[in-house]
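**Student:** Each chain is listed here by its residues.
Protein chains: 2
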Amino acid sequence: MVDILHRVGIKSSLNDTYQALATREGLAAWWTTNTQGESKVGGVLQFRFGAGGFDMKVLELDPGKRVLWQVVEGPEEWIGTKVGFDLEQDGDFTIVLFKHQGWKEPVEFMHHCSTKWAVFLMSLKSLVETGKGAPDPNDVKIDNWNCGTTSDDLGASPHDRSWHGGRGHPRFGRMSP
Amino acid sequence: MVDILHRVGIKSSLNDTYQALATREGLAAWWTTNTQGESKVGGVLQFRFGAGGFDMKVLELDPGKRVLWQVVEGPEEWIGTKVGFDLEQDGDFTIVLFKHQGWKEPVEFMHHCSTKWAVFLMSLKSLVETGKGAPDPNDVKIDNWNCGTTSDDLGASPHDRSWHGGRGHPRFGRMSP
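Protein chains in written order, with this note's numbering: chain C, 1 to 177; chain B, 1 to 177.
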């Protein structure tokens, strides 16, 4: 098992950062504008990027401390993995310790997702500090797997895989209604 | 052993990206402006951030394919770890697969370094694509461990540790002349 780890510090109260992680409106403002579902323990959140995306079961919502999800639908490599955000105050900063845990293998798609998570966490930081994040489809592009258009992302070429699709399942994007 | 992994895609030739990784001038333009030493196999490169930094022994320089270093001086957690960049062409993009391998434990400092590497790899991408990177001291700040000034970075408080220092060695920055 291998994990993606990150740390960002946000000049904010614990509660302001927590709200950006624990509410649908917050998540839609830094990760993907197309965020649906209910952010409550036992509920499922649907994050969509173009036509594809991830479904996350909400495992923990501990105000000001922790948000934890488990992936129940999405790219094969993501199914069953857990995505968590632990918060603590350190002076003027809320520290976010991020973990995407339980990858079976350190595949190339995991390298991509690691960089992409960092970019989205910087979007979270920007949202909370300035009121403006950079959620999909206006996210910062990192490589040829997220070219930014749905048609590119879901192209037939295995090189057109995107954030929402991993090697071997270029048609993942069509799972959604 | 745990690793930091990243993937960026750069619209460039293999050689242009390789030059940014294999030459002192290239490295100084995206990682830290204070880069000294010789980029040759068996040589040592000195990367400084404020007064602290890392010494890297150059293990491999394979034109258009790979750059590999080993940390020989720096924060305790970094000593002996390896930092590698593998390159491959994919259409218009040079893909950089980045690995910082051999961390003993997934400490909080590793979370910080993972995010910080992503930010610096985006600086590399920007440098090669546009001619302008964001190396230290003009790097994008991610948290309270790199506030951007030497006095902050080397403060007595354990919370003032920076990119060049890890938990438990706040005075690491003073190793340099």
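Heads up, some of the hints might be wrong.
Claimed, not checked - Now the in silico label distances, taken between C-beta atoms and shown as ranges: (1) Gly42/B x Thr130/C: 30 to 36 Å; (2) Ser13/C x Glu60/B: 43 to 49 Å; (3) Glu76/B x Asp90/C: 54 to 60 Å; (4) Asp90/C x Asn138/B: 36 to 42 Å; (5) Ser13/C x Gln19/B: 41 to 47 Å.
For the record, the hints were derived by calculation from the structure and aren't laboratory data. Computed from a predicted model, the values in this text were never measured in an experiment. Virtual Cβ for every residue (Gly too), placed ideally from N, Cα, C.
**Student:** Each hint needs a verdict: does it hold in this structure or not?
**Tutor:** Right, here's what the structure says about each hint:
1. A hinted range of 30 to 36 Å for the beta carbons of Gly42/B and Thr130/C is inconsistent with their spacing of about 47 Å.
2. Checked against the given bound of 43 to 49 Å, the beta carbons of Ser13/C and Glu60/B, roughly 47 Å apart, stay inside it.
3. Here the CB-CB span from Glu76/B to Asp90/C is close to 21 Å, at odds with the stated 54 to 60 Å.
4. For the pair Asp90/C and Asn138/B, the beta carbons lie near 24 Å from each other, so the given range of 36 to 42 Å is not met.
5. Distance hint check for Ser13/C and Gln19/B: the Cβ-Cβ separation is about 45 Å, which falls inside the suggested range of 41 to 47 Å.
Violated hints, in rising order: 1, 3, 4; the structure is consistent with all others.
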